[in-house]
Each structure stands twice: as structure tokens, then as C-alpha cells.
Amino acid sequence: MNIWKIAWRSVRQRRLPSLLTAFSMALGVTLVVAVVTIHGVVTAQFRNNATLGYNMIVGAKGGNLQLTLNSVYYLSKPVENISYPFYLEFFDQETRDERIRESYAYQAHEAAWRAAELASACAIGPIGPWHRASLDALKGHALRPCDMGRDGRFANYVAFVIPLCMGDYFGPFRVVGTTPDMFDVLPEYGRPVVFEEGRNFREWTPENGYFEAVVGATVARERKVRVGDDVNPAHGDPEGHSHENAFRVVGVLKPTGTPNDRAVFVNMEGFLLMADHAKPVADAGDEDGTDAGAPSGSGGSGAGTDSRSAEARPESPDARLALRPLPLEQREVTAVLVRTVNPFVAAGLQNVINEGDKAMVVQPIAEIYNLLDLIVTPVQRLLLLLTVMIICVSGVSILVSIYNSMSERRHEIAVMRALGASRVTVMLIILSESCILSLGGGAMGWLIGHGLNWTASSVIEERTGVAIGFWSLAPPVNPYEFIGLEPRHEILVWPELLLIPLLVVLAIGVGILPAVAAYRADVAESLGK
Amino acid sequence: MLLEIEELTKHYPEPGGRRLPILDVPRFALNEGERMALIGRSGCGKTTLLHIIAGLRSPSGGRVALDGIDLTRLSEQGRDRIRAAKIGYVFQTFNLLPAFTALENVLLGMTFARGRLNPRRARALLERVGLSDRAHHKPRALSVGEQQRVAVARALANQPRLLLADEPTANVDPANQDRILDLIHETCAEESIALIMVTHAMDVARRFERIERLEEINRIAKGPAAS
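If you read the protein sequences in the order shown, they are chains P and Y.
Letter by letter, the first sequence follows residues 17 to 545 in my numbering.
Letter by letter, the second sequence follows residues 20 to 246 in my numbering.
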């Protein structure tokens with residue numbers, strides 16, 4: 017029979033007090049497990065979110081954090097939009113020219129030149145080859161105000177750009193107007209995207225025109241949306257008026273553990289065609305070199321000044337299918353996700369854009385980690401501090417429990433001494449009891465904590481994309497960093513494994529007082545007769 | 020000579036710097052295997068003398084030698100070792116540890132003595148005291164007589180050279196009293212264990228060849244109650 021067995025028997029002898037004492041320690045350890053698990057999940061989720069696939073976000077001048085929250089997490093509200101011509105600066109000549117041809121300015125010039133051609137033909141007769149070449153050259157010169165015929169200023173530095181248009185909601189979830197590249201191109205560089213059902217939306221289809229949508233897993237679950245359903249975004253606010261236009265859901269995403277789960281992605285063209293989304297043509301002056309030239313106030317609906325918005329027309333499938341994209345002058349985007357051709361050009365591009373007055377650039381990963389440091393880490397440290405205090409209180413309860421039992425056990429200890437146990441032996445027995453209560457409670461708390469993790473694992477995985485099993489330990493951390501100090505050494509430890517030495521130290525710390533009391537007990541006096 | 024006591028004194032401090040004398044034993048000895056009854060009026064220092072012999076209490080002066088080893092010169096740890104190895108102690112109130120079974124209570128003595136257990140001897144002792152079928156019962160499940168028999172088995176577990184018994188039958192019924200006394204006498208005789216038994220009962224004392232009255236060997240014959 018060794019000291020541990022003697023101590024264990026003593027613990028068992030006082031079953032209820034021992035159980036309650038161990039349970040208080042278990043609660044403390046459960047909280048520690050919960051805190052380190054939350055830390056692990058949040059860190060993993062942040063890391064997952066940091067695998068964005070793009071390295072810059074371009075948005076209107078404002079706060080970095082707001083732009084990041086808005087574009088990465090679909091939180092907060094966008095302050096302002098950036099102009100479409102500025103957005104076109106990221107495209108090559110061919111794409112730009114193609115988009116600019118959709119502008120009022122271009123169409124006005126086209127009309128003017130057709131008239132000029134006609135007048136010329138009337139004046140000088142049929143147009144010969146020389147005359148045609150002269151006219152084309154002149155036309156090309158005249159189109160310069162449309163800013164055609166060149167690459168965008170940033171086109172050579174980017175691998176891809178994905179626009180985001182925001183402001184609408186579907187229930188509590190954000191509606192994000194974007195291009196199919198969001199799921200066709202971005203996943204090749206960032207986190208893969210898998211469709212639970214259906215397919216990606218397309219820019220235009222004969223069945224749905226510009227009005228197709230893909231919904232995230234959480235949206236689909238909570239709003240009971242499936243492929244084939246229609247979603248009607250609410251304008252500007254979750255409680256705002258619903259647009260009459262419906263987007264047909266063509267795809268449902270599998271859970272990704274990213275903010276994408278909580279968003280509805282719609283075709284940007286359809287998004288822009290909804291009421292109140294078109295920029296008033298009166299405001300669409302020549303901000304970026306494109307001459308609006310459009311008949312100001314031609315048509316329009318709602319606040320609108322939008323001559324082509326879908327809701328200006330009777331809502332019918334045929335009417336929606338007949339819609340044409342909004343002209344350039346009436347377009348804006350909220351933000352643009354950019355991946356540069358290589359990381360080295362990012363800083364230069366950021367400087368160039370930030371020095372201008374049209375937009376600003378943030379590097380989302382840096383902002384995400386700033387956010388982690390700014391919000392998440394202090395909360396976790398506070399939680400950790402609280403749990404450490406709870407563990408200390410649990411430790412004190414062990415001290416009180418053992419110390420209180422000492423008066424009734426004084427006689428028992430004296431008997432052991434009479435049987436030949438040394439003072440050191442009885443002291444070790446008391447310390448062992450403290451360790452048993454502490455480690456036993458700790459083990460109980462660990463099992464409860466991991467049991468809770470396991471119970472919640474499906475929900476956690478669904479909401480965060482982080483898989484947790486019963487035996488999953490929280491990821492290793494640098495202890496300096498974990499408690500908020502500057503990391504001095506490159507060491508990584510599993511925080512839960514730190515619990516073992518921590519509990520032993522705590523047990524010895526709280527057990528030492530009753531152990532010394534046992535050590536100092538007067539045997540003869542305690543024995544009496 | 021197994022036990023030799025010379026000029027043993029024991030006194031307790033009192034308020035005002037005075038001292039309360041309890042024992043003043045000029046000479047006392049016990050041979051190997053000798054069995055002796057120690058009688059005396061209540062409070063005359065019998066238990067204090069047993070505690071000093073067992074090394075549980077330090078004397079104020081004098082010499083106590085067990086097996087030629089002067090206990091008064093040993094550290095407390097040394098006395099613990101001697102007690103564990105050479106002395107068995109039977110208390111009036113049994114003092115079984117409630118968390119342990121009868122067998123474990125017997126083994127407990129072995130644990131502290133040598134750190135090496137001899138379960139076979141422990142079982143044999145329980146069989147000898149007629150409790151082999153109660154080996155796995157805890158003290159609360161045993162009768163008073165059974166508890167004292169377990170206490171005797173525990174005191175004998177380490178084959179001590181000296182058994183100290185402090186009124187071991189005071190709390191048991193007459194039938195169990197005889198059984199316990201027989202058991203102690205027989206075992207001590209068989210294993211050549213010296214015995215000092217403190218008792219008030221003359222019928223118990225009469226079973227011993229040697230009977231000592233503490234008032235006769237203690238110079239402080241009229242000292243106040245000590246324990």
C-alpha cells in the first residue's frame with residue numbers, strides 16, 4: 017500500500033466533500049478548456065479567413081477597419097462607393113473599351129458620328145475609301161473623351177479583380193452583388209468552394225436574365241432557401257422595403273466556415289438594375305474621364321433617375337429578360353477585391369491609389385490580424401484571467417476542504433504516526449490528497465470541457481468551418497504571446513497540457529498548509545488514550 | 020535486556036514558568052519476551068510512560084533504551100523507524116482507520132515499517148484472530164470485539180520485539196476480553212514478543228507473571244493527573 021493509495025482512500029472516505037471540491041476544480045478546468053478551445057477556433061477561423069485568395073481591397077476613402085469588416089466579413093455598412101470608371105482602371109484595353117461602349121457618352125458620340133456620316137454623304141456623295149479612313153480617324157479622336165483605346169492604369173499589376181456591391185439584405189444576411197468570378201476564379205487562389213446544390217450564377221441566362229443568386233449555407237438553412245427559390249433583397253436595411261425584383265437561387269454553398277456562409281451572392285448586373293441602385297445620372301459627371309453626355313434625367317423611377325432599372329418596368333419574366341445592363345455612368349461598386357500579379361507590387365499599388373483622392377487600399381490580412389489583436393485577443397485574455405481566478409478559487413476550496421478535515425483527521429494522523437509513519441510521510445499523504453482532488457477535478461473538467469466541445473462540434477464546424485473532435489487539443493501557442501507578452505523564444509506548447517503542471521503546482525500550493533499542520537501535529541496529544 | 024529505563028523524568032510546563040512533574044522513574048527494565056502488567060490509579064502517568072517507550076513523546080530527562088538503542092538520543096525520524104520496526108501498539112479505543120478494510124488496516128502497519136507488504140502474514144494474523152471472513156470489511160461493519168482483534172493483528176503485523184497495550188480490553192465484553200487476552204498472550208509467547216499491558220482490571224493483571232504498580236516505580240507517587 018503506497019502513499020497514493022492511502023491518500024485516495026482518505027479522499028474516498030469523505031466522498032461528498034471530496035466530490036464537491038473536485039467538482040469546483042472541474043468547473044474551473046472546464047472553463048479553461050472552453051477558453052483555449054474558443055481561442056483555438058477563433059484563431060483557426062481567422063487563419064482560414066486570412067486565406068482569402070486576394071491581397072488587397074480597394075474601397076472608398078474611409079476607415080481601414082470598416083472597409084475590411086464590410087468586404088471580408090460583410091459586417092458594418094459601407095460608407096461610400098467607388099466610381100465605375102475607377103474600377104475599370106484595373107482592366108485591359110479590350111475589356112475597358114467593351115464596358116465603355118455601354119456608356120451614354122459612347123452612345124451619344126456614336127449617334128453624333130452617324131449623323132455626321134450621313135451629313136457628309138449627303139454633301140459629297142457616296143463615301144469613298146479615303147473619305148472613310150478620314151472619318152474613322154476623326155471618330156477615333158473624338159472618342160478620346162470616352163477614355164477608350166488604352167489599358168487601365170492598374171491593369172498590368174493585377175491577376176484578377178472582383179467587384180462587390182453592397183447595401184441590401186435578405187433577412188439579416190447581406191446581399192452581395194458581384195461577378196461569377198467570385199466562385200469561378202477566387203477559389204483557385206483562396207479557400208475552395210463547393211456547391212451543396214446547383215451551380216454558380218451566370219452573368220446572363222435565357223431563363224433568369226441577370227437575376228441569378230447563390231446563397232451561403234447558413235442563409236439556406238436559416239431562411240430555408242433551396243435552388244429554384246426566389247429571394248427578394250430588402251433595400252439598405254434588414255427592415256427596409258423589399259425590392260420587387262427577385263433573384264432566382266441557382267446554387268447553395270456547402271458550409272465553409274467563412275462569412276460567405278452568411279451571405280447571398282447575386283449577379284452584380286442584376287443588383288445594379290434594382291431600384292435605387294443606379295447612380296443618378298445628374299451626379300454621374302465626368303469624374304474619371306468619361307463624359308456622361310447622357311440625357312440627364314431621362315426616365316427614372318423611385319429616387320431614381322435610373323432610366324433602365326428593372327423596377328421602372330412592369331415586373332414580369334419577359335420584362336426582366338429584356339433588360340440591358342446599366343450604363344457605365346450609372347454604375348458604382350462598393351469595393352473591389354484585388355489580387356496583384358505578385359506580392360511585391362502590392363505596396364506600390366497601394367501607395368499610388370492611396371495618394372489619389374478616388375479610393376483607398378487596405379491589405380486585408382494585416383487588418384484581420386489587427387482585428388484579432390484589437391478585439392479578440394483582449395477578450396480572450398480577459399476570459400483566461402477569469403478562468404485562472406476561478407481555478408484559484410477552486411484551489412482555495414481544496415485548501416479549505418482539506419484544512420477543515422484536519423481537525424477530524426488529527427486523530428487518524430496520530431494513529432498513522434503511532435504505526436510508524438514519519439512526519440514527512442503524513443505530510444506527503446496530505447499533499448497527495450490535494451493532488452488527487454486537484455488532478456481528479458482537472459481530469460473531470462477536461463472530460464466535461466471536451467464533452468461539451470464534442471457535443472457542439474457539429475455546430476462549431478458548420479458555423480466556423482473548424483472541425484473539433486473529442487480528443488482535439490487546442491492548437492499550440494507561444495506562452496509569451498498567449499499571456500500578452502512579447503515572444504522571447506520560439507516555443508510552442510499545447511495550452512491544455514500546461515494544465516497538468518499548473519494543477520500540480522496549485523495542489524502543492526494549497527496542500528502545503530494542511531500538510532504542515534499534519535506535519536506539526538502532536539501525536540501523543542492527538543492520540544489521547 | 021530488551022528495554023532499559025534509567026532516571027526517566029517527564030514534566031509538563033505550566034503557566035508562570037513552573038513545571039508539572041509526571042514521571043520520575045529511577046530504573047525499569049524488561050527482558051526479551053517478558054510479559055508484564057502495569058497497573059496504577061487513573062492519571063498516574065501510565066499512558067505517558069507507554070508513549071515515551073514508543074518514542075511518541077520525548078522524556079524531560081533520563082535514558083530509554085530499546086534493544087540497546089537509546090531512544091532519547093535519536094532524532095524523531097529515527098524514533099519513527101524504531102517504532103515501526105520494533106514496537107507494536109494496541110490502543111484502548113482500537114484506532115482502526117475507517118477508510119481501510121480490516122486487511123488493509125493490518126497491512127498499513129507494514130507499509131510504514133518497511134514499505135514492503137506481506138499480505139500472507141496479514142491474512143494469517145486475521146485468521147488467527149478469527150476474522151479471516153471479515154478481512155474485507157471496514158471497521159464500521161465490525162463489532163467492538165472484532166475491531167479490537169483487528170487492532171491486535173495490526174500491532175503484531177511487523178513481528179515487533181515489544182508490544183505495548185494500553186487497556187486493550189477496557190471497552191470489550193468479557194467474552195471478547197478473554198479471547199483478546201488469550202490471543203495476545205499466545206502470540207507473544209509464540210513469537211517471543213515482550214509485552215507491557217496497562218490495565219485497571221486485576222483479573223487481567225493476574226494473568227501476568229510480573230505485575231508492576233506504577234506508583235511503586237514512579238517517585239512522583241502523588242502527582243496530579245497526567246493523561
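Don't read these hints as lab results, they were simulated from the structure.
The beta-carbon is built from N, C-alpha and C at its ideal position, and this holds for glycine as well.
Treat the hints with care, as some may be off.
Chain Y regions said to be covered by chain P (calculated; three or more residues, Cβ under 8 Å) [claimed, not checked]:
{"#": "1", "stretch": "73-82"}
{"#": "2", "stretch": "120-127"}
{"#": "3", "stretch": "139-152"}
Hints versus structure:
Here's how the stretch 73-82 of chain Y fares: 3 of its residues keep a CB closer than 8 Å to some CB of chain P, so the rule of at least three is met and the hint holds. Coverage of the stretch 120-127 of chain Y by chain P holds [criterion: at least 3 residues with CB-CB distance below 8 Å; count 3]. Proximity of the stretch 139-152 of chain Y to chain P, defined as three or more residues with a beta carbon under 8 Å from a beta carbon of that chain, is not established by the 0 residues found.
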